[in-house]
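All chains should be modelled from the sequences, with the hints used to inform the complete structure.
If you're matching them up, the sequences are chains F and S in order.
The first sequence maps to residues 1 to 134 in this note's numbering.
The second sequence maps to residues 1 to 211 in this note's numbering.
To be clear, the hints were calculated from the coordinates, so they are not data collected in a lab.
Fair warning: there could be bad hints in the mix.
[To be verified] Taking lysine to aspartate or glutamate and the EDC-like style, the derived pairs with C-alpha atoms no more than 20 Å apart in a straight line are:
#1 S:Lys119 x S:Glu108
#2 S:Lys52 x S:Glu13
#3 S:Lys67 x S:Glu56
#4 S:Lys52 x F:Glu48
#5 S:Lys67 x S:Glu108
#6 F:Lys123 x F:Glu61
#7 S:Lys119 x F:Glu81
#8 S:Lys67 x F:Glu81
#9 S:Lys67 x S:Glu13
#10 S:Lys67 x S:Asp43
#11 S:Lys67 x S:Asp100
#12 S:Lys177 x S:Glu116
#13 F:Lys130 x F:Glu100
#14 F:Lys123 x F:Asp68
#15 S:Lys177 x F:Asp68
#16 S:Lys177 x F:Asp95
#17 F:Lys123 x F:Glu100
#18 S:Lys67 x S:Asp4
#19 S:Lys67 x F:Glu48
#20 S:Lys52 x F:Asp39
#21 F:Lys123 x F:Asp95
#22 F:Lys130 x F:Asp95
#23 S:Lys177 x S:Asp28
#24 S:Lys123 x F:Asp95
#25 S:Lys123 x F:Glu81
#26 S:Lys52 x S:Asp4
#27 S:Lys123 x F:Asp68
#28 S:Lys67 x S:Asp106
Everything numeric in this text was worked out from a predicted model, so none of it was measured.
For reference, the chains in residue letters:
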Amino acid sequence: MPVGIVIISHSQRLAEGVAELAGQMTRGEVKILAAGGTDSGELGTSLEKVQRALAEADSGEGILILMDLGSASMVATMALEQLPEEQRARVRLSDAPLVEGAVVAAVEASIGSTLDQVASTAKEATTMDKGINA
Amino acid sequence: MAVDSAAVVAWLERSAARLHEQRAYLTDLDAAIGDADHGVNMDRGFTAVMAKLQAEGTPTDVGAVLKTVGATLVSTVGGASGPLYGTAFLRAGMALAGKDALTAGDVETGLHAALEGIKARGKAHAGEKTMIDALEPAINAFSAAIIDRDDVHAALTAAADAAEEGMRATIPLLATKGRASYLGERSIGHQDPGATSSALLLRTMVNKGEG
Chain F
1 MPVGIVIISH SQRLAEGVAE LAGQMTRGEV KILAAGGTDS GELGTSLEKV
51 QRALAEADSG EGILILMDLG SASMVATMAL EQLPEEQRAR VRLSDAPLVE
101 GAVVAAVEAS IGSTLDQVAS TAKEATTMDK GINA
Chain S
1 MAVDSAAVVA WLERSAARLH EQRAYLTDLD AAIGDADHGV NMDRGFTAVM
51 AKLQAEGTPT DVGAVLKTVG ATLVSTVGGA SGPLYGTAFL RAGMALAGKD
101 ALTAGDVETG LHAALEGIKA RGKAHAGEKT MIDALEPAIN AFSAAIIDRD
151 DVHAALTAAA DAAEEGMRAT IPLLATKGRA SYLGERSIGH QDPGATSSAL
201 LLRTMVNKGE G
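Right, dumping it as structure tokens:
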């Protein structure tokens, strides 16, 4: 099973949209879970949603978490702290840009790359050229 | 005079009531420099805390009460203040585990653990226009006060005064943490909502004595 991906956003629709976009590149081979919004679907973050997404995305090969603004990283860190140590070791937080990071991470994961490779490819998306200045 | 779990619950009740009253004010402050949800979030979180404590009953162990508060805030607040205040209460609860009555020194230990929790969770320090700007001077004032005199009430009063001063001092600051940091220079001239709710939580510790 490929590395799984979890998308944390303050907006449920944004998280789902990013997951959808990234999933289009991988034909459903990679588990990409959206954890967006509060439990009631309002703007915000939910530790429980993140925990559920992590449980579902875990294939045993590791999980890369991508996130949007500020407190998303706090919730991600808290979710990580509450995982059993053995599982925590195979979860990585990425500060890659959300959209580009998720798309390239999904592609990297779909070719069977390791968590380290997926994380480093996502990180490279920080300097990705959109072709405007080409 | 010692602080027991009933006093802590009474403080939480006063805080929940005050946050409910101040909900629009906190949200207005947050609308100016953030995402306009601080009052709503804090009100929702503390309402959930009171419901949880009522449903489960109050343990005599103050640490256990604080841990319940922390876990509830983390899962109900929704904004950044959920992980931040949640961590503060969880850390204070861990530091005070097994204690049925708190001395002034214990209160200091709990406040300190809470502050360190917030700093670690937010990777922040004083001067960045956050709750830390209210909490850190408050805890320093508490510590200074109990050196002079072992009086929890007097020390909490000093802490609340310092917190409010720190809160007002966030107005000219440039935000470098949290959602307000996205505004850059535009964050200057507004009081930080997190510092405001922190000052509120310290003031409600003083009202009605040792609670």
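Checklist line | Non-conforming hints, listed in increasing numerical order | finding: Per hint list: zero violations.
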